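**Q** Put together the whole structure using the sequences plus the hints.
Quick note: the sequence shown uses the working numbering, first residue 26, plus one each step.
It is worth saying that the hints were derived from the structure and are not from the lab. Don't take each hint at face value.
Claimed, not checked - Calculated pairs, EDC-like style, for lysine to aspartate or glutamate (alpha carbon to alpha carbon, straight line, at most 20 Å): (1) 101 / 76; (2) 95 / 76; (3) 95 / 40; (4) 115 / 102.
Said to hold, decoys possible - Ranges between beta-carbon positions, derived for each pair: (5) 31 / 109: 20 to 26 Å; (6) 77 / 38: 36 to 42 Å; (7) 43 / 76: 25 to 31 Å; (8) 102 / 81: 19 to 25 Å.
Quick caveat, the model's predicted, so the values are computed rather than measured. All C-beta atoms, glycine included, are put in the ideal place defined by N, C-alpha and C.
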Amino acid sequence: MITGELKNKIDSLWEIFWTGGLTNKSIFDGKIQIGSREIEGSQLKRSVFHDFPAGQMYAVVQELVFSFIKNLHGDKESAYAKYMGDAIFKIPTL
Numbered sequence: 026m027i028t029g030e031l032k033n034k035i036d037s038l039w040e041i042f043w044t045g046g047l048t049n050k051s052i053f054d055g056k057i058q059i060g061s062r063e064i065e066g067s068q069l070k071r072s073v074f075h076d077f078p079a080g081q082m083y084a085v086v087q088e089l090v091f092s093f094i095k096n097l098h099g100d101k102e103s104a105y106a107k108y109m110g111d112a113i114f115k116i117p118t119l
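**A** This is the structure in structure tokens:
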């Protein structure tokens, strides 16, 4: 069970999704279309890729997870779509 600060962060994230129109958490269990690829939503769960080597995990998050997050809102005229349209996932090297 998740508790404490991590639970609060996850709850905050779901609040953002909820207010943005994403009300059904089960979308992460279905098939998701990213570009021309169709993948299982379960592949985007952290529990699937959390033990991957750093390079592979970065690729999964950058190519699949972040692409999914960018396209969460179906309304292409929404503020969410407007501000996420040009978003990129990048972690600077230390």
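**Q** Between residue 95 and residue 76, does the CA-CA distance stay at or below 20 Å?
**A** violated (24 Å)
**Q** Quick one: are residue 77 and residue 38 within 36 to 42 Å, going by C-beta?
**A** Once the Cβ atoms are compared, 21 Å apart, the range 36 to 42 Å for residue 38 and residue 77 is violated.
**Q** Given the hint that residue 101 pairs with residue 76, does the C-alpha gap stay at or below 20 Å?
**A** violated (34 Å)
**Q** Check the following: the C-beta atoms of residue 43 and residue 76 are separated by a distance inside 25 to 31 Å.
**A** holds (30 Å)
**Q** With 19 to 25 Å as the target window, see if residue 102 and residue 81 comply at their CB atoms.
**A** With Cβ atoms ~36 Å apart, the hint is violated.
**Q** Are the Cα atoms of residue 115 and residue 102 separated by 20 Å or less?
**A** Not satisfied, since the Cα-Cα distance of roughly 25 Å exceeds 20 Å.
**Q** Below or equal to 20 Å on CA atoms is what counts here, so check residue 95 against residue 40.
**A** holds (16 Å)
**Q** Check the following: the C-beta atoms of residue 31 and residue 109 are separated by a distance inside 20 to 26 Å.
**A** Given about 24 Å between the Cβ atoms, the range holds.
Against the hints set out earlier in the document, violations occur for numbers 1, 2, 4, 6 and 8.
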